[in-house]
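Peer 1: For the record, the sequence lines run as chains A and B.
The first sequence lines up with residues 2 to 164 when you count with the working numbering.
The second sequence lines up with residues 4 to 662 when you count with the working numbering.
A couple of the hints might just be wrong.
Take a look, some chain A residues computed to stay more than 10 angstroms from chain B by CB distance [stated by the list, open to error]:
| id | residue |
| --- | --- |
| 1 | LEU73 |
| 2 | ASN85 |
| 3 | TYR140 |
According to the in silico footprint, chain B covers these stretches of chain A (three or more CB under 8 angstroms from chain B) [as the list claims (entries may be wrong)]:
| id | region |
| --- | --- |
| 4 | 16-22 |
| 5 | 91-101 |
| 6 | 151-162 |
Here are the computed distance ranges between Cβ atoms for each label pair [unchecked claim]:
| id | chain 1 | residue 1 | chain 2 | residue 2 | range |
| --- | --- | --- | --- | --- | --- |
| 7 | A | VAL104 | B | GLY549 | 26 to 34 angstroms |
| 8 | A | LYS109 | B | GLY656 | 55 to 63 angstroms |
| 9 | A | GLU45 | B | GLU221 | 25 to 33 angstroms |
| 10 | A | GLY162 | B | LYS244 | 46 to 54 angstroms |
| 11 | B | GLU638 | A | LEU135 | 55 to 63 angstroms |
| 12 | B | ASP390 | A | GLU45 | 21 to 29 angstroms |
By construction, these hints were calculated from the structure, which means they are not laboratory data.
Beta carbons: idealized from backbone N, C-alpha and C, even for Gly.
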Amino acid sequence: MEKLLLFNPSKCTGCKTCEMACSLTQTGVCNPASSRRRTISFDEEILDVPMQCQQCDDPACQNVCPADAIHLDEQTGAKIINNNKCIGCKMCMIACPFGAVSVDPLTKKVVKCDLCVGDPACAKFCPTGAIEYLPAETYSLMRQRDAVKEISKMMSAIAKGGA
Amino acid sequence: MYGNVGKMAKIDLNKGTFTVEDTTPYLKKYLGGRALNHILLFRETDTATVEPFDPENVIVFGAGPLGGTTWPSSGRFQSTFIAPLPYSGWGDSNVGGAVGPQLKFAGWDNLVIKGKAAEPTYLYIEDDKIEFRSAKDLWGKGIDECMHTLHTRHIGSEVLLIGPAGENLVRFAMLRTHRTSSMGRTGGGAVMGSKNLKGIVIKGTKGVKLADPNKFFELSLQCQRDLMDPNFGMVHGLCYKIMSKYGTPGLTRLIGQTGMVPIKNWNECGLWAQDGELVEHIGDKVWQRNDACFSCPVHCHGAYRIEDPIYGCFSGGPEYETTVALGHKCLEPRSKLVLKLNAMCNDLGSDTVEMGAMFSSLMEWYEKGIIDEKFTDGVAMTWGNGDGMMTLLEKIVRREGCGDKLAEGPYRVGKDLGEEALNCVYHQKGMCATGVETRSTIGSMLQFAVSPRGSHHLTGLPTAEWVNIPAISVHLTGFAEAGDIRSYHPEGKAKLVQFYENLFELPDSLGICKFNFGHLGFWHDRPEDIETMWDYLTKAVLYSTGVKFSKEEMLEIGERAYQIERAVITMRGIRRQDDMPNWKCLNQDCPGEHPAGPNPLPPIDREKYEKILDKYYEIRGWTEEGIPTRKRLEELGLKEVADVMEKKGVIPGKSNPQK
């Protein structure tokens, strides 16, 4: 089954190790500005959200690309930019609803997540499990299990006469 | 350049200009961060005579060759300066968060800041660009609001700021980044304030290059997993388990086992029956979530929001140091008071440790009748008066009313009040202790007493004594007694303390967290675990910088940095008498409940202590007055330091033949 790279903000502590792991793997340099994924902090809300390419089934980046430079990697499901074809128009950056396409400040090339050829470094390094690379089915089962844990706590509180 | 990024900026606030210098030549001798900061401070100002608030005082910032990478907890950032709080004048303080990494991403290893800006200013650093921006709109405002303004103005930036306490030259003012990460100790915030410098805002896009990216990646991943492994060892696993859930407050009852937790201004110690709201409760019930510093798997602090008409607040922390300083030492058991006071210190820019010691000293003076409520503008400083603390805190950070004198800190206020008052102040070299009762553990007593910046565990708390596993003490010193908390074994204790002092310089010089490397029981279950840690550190530095350092070379860098600290404070007049334990330690016993060690803890045995001190000086290569010798300094490649000391008449030589 195809694996998906998914994130869970409620597990994120804002350490940004994912940005380091990503940029180191992709460019050999630790640099958040080169990272293909960013973790966005909302201080007031006490929330950090790991933001990344969702590898959409109907990808706005690919659809808008005038040079046909973005293609699907059949094995991983990643949408990949072919730098030989890319004309650098940045239309993909504008079209992406997640801001997941960026310009690497060192190479000046348009870049995005390619799922590290099926072994994403961010998921490997995430110490809290806020980023995971799993089959869709496993992921939803895990989320359901987490949710049920909360519900069962409520149920047992009710059973004990509290609420 | 690999690991380090290769440049430092020397910033002149008088002129609003800066120059750029190469950091490459310093790697082999100083690594970076703390050790490099120290020699830069030494060279850039007259450390023997400069006063903390002189424009000629220099504040040096530095990251380190592992900073800003995948290495676990590589977010640390070091400051070094001549300090207003300890009378030794030595100022250094370290912070987590992500500001150090951001400086490296912008292409800078160190900032050397001198002079005084004509008006409130902040530095805006964006890659090669360093701008002097007006901070007039921020001056007088709390750090929370300023941080919000600056993060909005400079999207994607990291900031390090002072609050009103720093602006008003409170001697224990701090610098803060993120929700709660602070350069808390020795008063760096006030040095910034004296320079009209509100803070530093940094945004970088250049990144950190590594000599062997692939090996570094694999090694840092392995190290992260080892750090988080509960089965790595009992002490190691316990530290991770507690820290990652409850933060440092979760350690309180572990630390209290030997009587090490101070209660009631160091008049009692150990386990406090009323600590129920100050230990696990905070992690369990108060924190909305755990926060992590940059690249750290431990996430040892938390964020909280409290809705309450009086005690409502939004902040991060508190640390063990804060709950003990404002709770245990002041007999204030209510978490909402401690959390509110912590939030106020965070926002207004004060060190929580010295603020707590100021309050607990006032409470002891009040109880003894040394002061009455007139001294504190009508606030009766009875034990546990958390509301009174809130009132005084506001006055202190703005130096209003009695706050003007209290902003000088407990040592100076005590000195003014007279001998009886000063005897109540639990300080070394003018700075009050962190949350450690040093009568509990003889090695920690030595370490706190000799610490250049004054009473503080992060200068080299001998962790092996704390975990007290004899095999580790034997491995490190050759003596099992070194790990016996009650032993006065001169060689064992002296060797153990100097080992940890040298070791503790390294995380600060590499840009990583001391809690994970050296301190707190990580890598302290078996003697070979210490070697595992060394293996990690030496390999990490090799893969990061491309330069091979042996464990011995790294420890020598630690010693080099430590000797610079000692050289500076001896030039400023520090001698053997200043390395003696404080009055309470020498003259008073300390009652308290704790399973290990006697109740009450007896005073420190002066005669036996001096024997350890003699041995410690001998190992350090110092005279019997505690002054570094030319011989030892030259062995460490610090001839320039010896030359200045000679010129100042502190060590003998041609220009100073009598001494």
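Peer 1: Is the nearest Cβ of chain B still more than 10 angstroms from the Cβ of ASN85(A)?
Peer 2: Correct as stated: the minimum Cβ-Cβ distance to chain B is 24 angstroms, above 10 angstroms.
Peer 1: Count the residues of the region 91-101 of chain A with a beta-carbon closer than 8 angstroms to any beta-carbon of chain B: does the count reach three?
Peer 2: Our answer is that it is violated, as 0 residues pass the Cβ test (under 8 angstroms) against chain B, missing three.
Peer 1: For the pair GLY162(A) and LYS244(B), does the Cβ-Cβ distance stay inside 46 to 54 angstroms?
Peer 2: 32 angstroms, violated
Peer 1: Evaluate the given range 55 to 63 angstroms for the C-beta pair formed by LYS109(A) and GLY656(B).
Peer 2: This hint holds: roughly 58 angstroms between Cβ atoms.
Peer 1: Please verify that the nearest CB of chain B lies beyond 10 angstroms from TYR140(A)'s CB.
Peer 2: At about 21 angstroms from chain B, TYR140(A) clears the 10 angstroms cut-off, so the statement holds.
Peer 1: Is the nearest Cβ of chain B still more than 10 angstroms from the Cβ of LEU73(A)?
Peer 2: Holds, because the least Cβ-Cβ distance between LEU73(A) and chain B comes to about 27 angstroms, which exceeds 10 angstroms.
Peer 1: Is the gap between the beta carbons of GLU638(B) and LEU135(A) within 55 to 63 angstroms?
Peer 2: 57 angstroms, holds
Peer 1: Tell me if chain B covers the region 16-22 of chain A under the three-residue, 8 angstroms CB rule, please?
Peer 2: Answer holds; 5 residues pass the 8 angstroms Cβ test.
Peer 1: Are at least 3 residues of the region 151-162 of chain A within less than 8 angstroms of chain B when you compare beta carbons?
Peer 2: violated (count 0)
Peer 1: Are VAL104(A) and GLY549(B) spaced within 26 to 34 angstroms by their CB atoms?
Peer 2: About 29 angstroms separates the Cβ atoms of VAL104(A) and GLY549(B), which means 26 to 34 angstroms holds.
Peer 1: Please check whether GLU45(A) and GLU221(B) have a Cβ separation lying inside 25 to 33 angstroms.
Peer 2: 38 angstroms, violated
Peer 1: With 21 to 29 angstroms as the target window, see if ASP390(B) and GLU45(A) comply at their CB atoms.
Peer 2: 27 angstroms, holds
When each numbered hint is compared with the structure, violations occur for hints 5, 6, 9 and 10.
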